Amino acid sequence: MDTALNLAGLFASQVFVCCPLLFTLPKNPKIRMIKQTKRENWGSIASKLPESNLAQTQLDSYKQFLEEGIRESLLELNPIRDFTGKVFEFEFLSNRVGLPKFSPKQAIEKGVTFEAPLWATVKLTNLHTSATQQQEIFLGDIPMMTSIGTFIINGVERVVVNQLVRSPGAYFTREVDPHSGRAIHQAEVRPMRGSWLEFIVSRNDHISVRIDRHRKVSATTLIRALGFSTNEEILALFSDVDTDKEHRYISTTLLKDSSTNTEEALLEFYQKVRPGEPAVLENAKALLHQMFFDSRRYNLGLVGRYKMNRKLGTNTPIDKQHVTLTTEDFIGSIKYLIGLQNGQGKTDDIDHLANRRLRCVGELVNQTSFKAGLLRLERSIKEKMSLAKPDELPTPAAFVNPRPIISAITEFFRRNRLSSILDQVNPLSEIDNLRRISVMGPGGITRERASFSMRDIHSSQYSRICPVRSPEGPNIGLVTYLALYAQINTYGFLEAPYLRVNKIVKDGKTTFKIGNEVIYLAADDEEDAYITHAGIDRNGDIITQKWVPVRYNGKFIEADIDKVQYIDVIPKQVVGTSAALVPFIQQDEGTRALMATHHLTQAL
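The working numbering puts the first residue of the sequence shown at 1, with every later residue one more than the last.
It is possible that some hints are incorrect.
[Claimed, not checked] Restricting the straight-line Cα-Cα distance to at most 25 angstroms, the calculated cross-link-like pairs of lysine-lysine (PhoX-like) are:
| hint | residue 1 | residue 2 |
| --- | --- | --- |
| 1 | Lys346 | Lys563 |
| 2 | Lys256 | Lys245 |
| 3 | Lys513 | Lys503 |
| 4 | Lys48 | Lys546 |
| 5 | Lys384 | Lys371 |
Since the hints were made in silico from the structure, they are not lab data.
These figures come from a predicted structure and were not determined experimentally.
Hey, can you work out the whole structure from these sequences and the hints?
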């Protein structure tokens, strides 16, 4: 809480009275509109940010799911063939979402779900006769979002909480060997779907690869299986980083590698991953391909590909065709690991927001329920194909039963921990509920396993997550809230708004002027930038203070104004909607500010 008070104290010089409820709010038929009064700004700094819809995160995410997510998930299944793969072929061509049968108000009154029908155009082909048939079929009803970012399920208004999870990508950590006291590093490649890879350096300088935390294989065996057959080729790959004469990591690993060519490496890999099964070269090649190069079994996602490129310095295109691992990813991970052992590069902080991303409502519904329903539907289609006569061409609708999709979506909204009944004590509590963030739920952690560092406030949360508001029970620090002006970028990372500080030299005199363009930066983009807060001394847009408090590389220091690159747009951007309503919050103790935010959302 002291950290929260320090963050709040960064805007101590700014006196403001603001009401985030006066932002552009979505229309709610239950809220009686009152006459809008003229807003008075009593602070010394006027906001340069445009009016925003505080529920926009929910609305944009679900809109993307309806317009793009459904289509992409359907196309991922193509083509669906019977178990033999020789008789029928089923393909999804397009989809559309119909109109809801009831309005939100009618759904509440009738106690039904506010939903719309999902239709898909499909094509069925008989591979024996080459006959095809195209038809539009019903895939189930999809719950629709109201204008305020909520859902109505069986007449009850519900909301899906945003989830903060570890981003897929490559991560490097550091441990100290208890016997020698030497730093030992590890690399971990986390996909969105598929096998985990861990590159481990032993105290004897041997690099091994652990797959799914079970089977270990020598790193050079894996590199050899990828096509680099000879020792000379492998040594040449790492000659630019494996330069420590006392610790030759690749040479040491090659000495313990029993394989001598690509074929032997593939067979050894197969024996380690599938012990007890007969090692056949073709099966070994197929297994390696399926585990890391087949997008249906291994998927980094666009965000994982983005993080891999950024961490390893690769230039692999960020698109749907490059969501699996590449040979450059394997080599780059080992190179970075050796570089860390030689004192180059830096390890990752798992609590940093550069390594954590938000899964919003659209992605949660798609990944957790809709795709699960589609997989059940795929199995059902294959089973029905195997029972059909091979010389006939049934209608596509005969193979499709929408029940798996309907049941998966219904189960998500009724039973998932991230789906909760909307808090309707007052309008502020509704908005805070829509901007809530949780690290728990499917794919997250439990409160019993949460460490103190995960619950604590991190410097990267500045202007992204409210440092004040959190539950006062066992969920403290695990349930948080978006900061007032935080945005979510394409990859799900939180961004904070800043203004650029421009250095102007005229007639031999240097001035520092604050620009007008609002720039949003992710947590890793601002690490190497000098950023000051909005409460420093200035005359309009001209900064008059010579030495200013700044944030640099996650630390709060004081620096010359000549180094400053960005400045906060407005002091209240640090906190969330409810904390921004507390007058003179910078004067309050952290625990009292926390209670004040709770009291505001409980007031009738």
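Hints, verified against the model:
| no. | hint | result |
| --- | --- | --- |
| 1 | Lys346 / Lys563 | holds, 24 angstroms |
| 2 | Lys256 / Lys245 | holds, 18 angstroms |
| 3 | Lys513 / Lys503 | holds, 7 angstroms |
| 4 | Lys48 / Lys546 | holds, 24 angstroms |
| 5 | Lys384 / Lys371 | holds, 20 angstroms |
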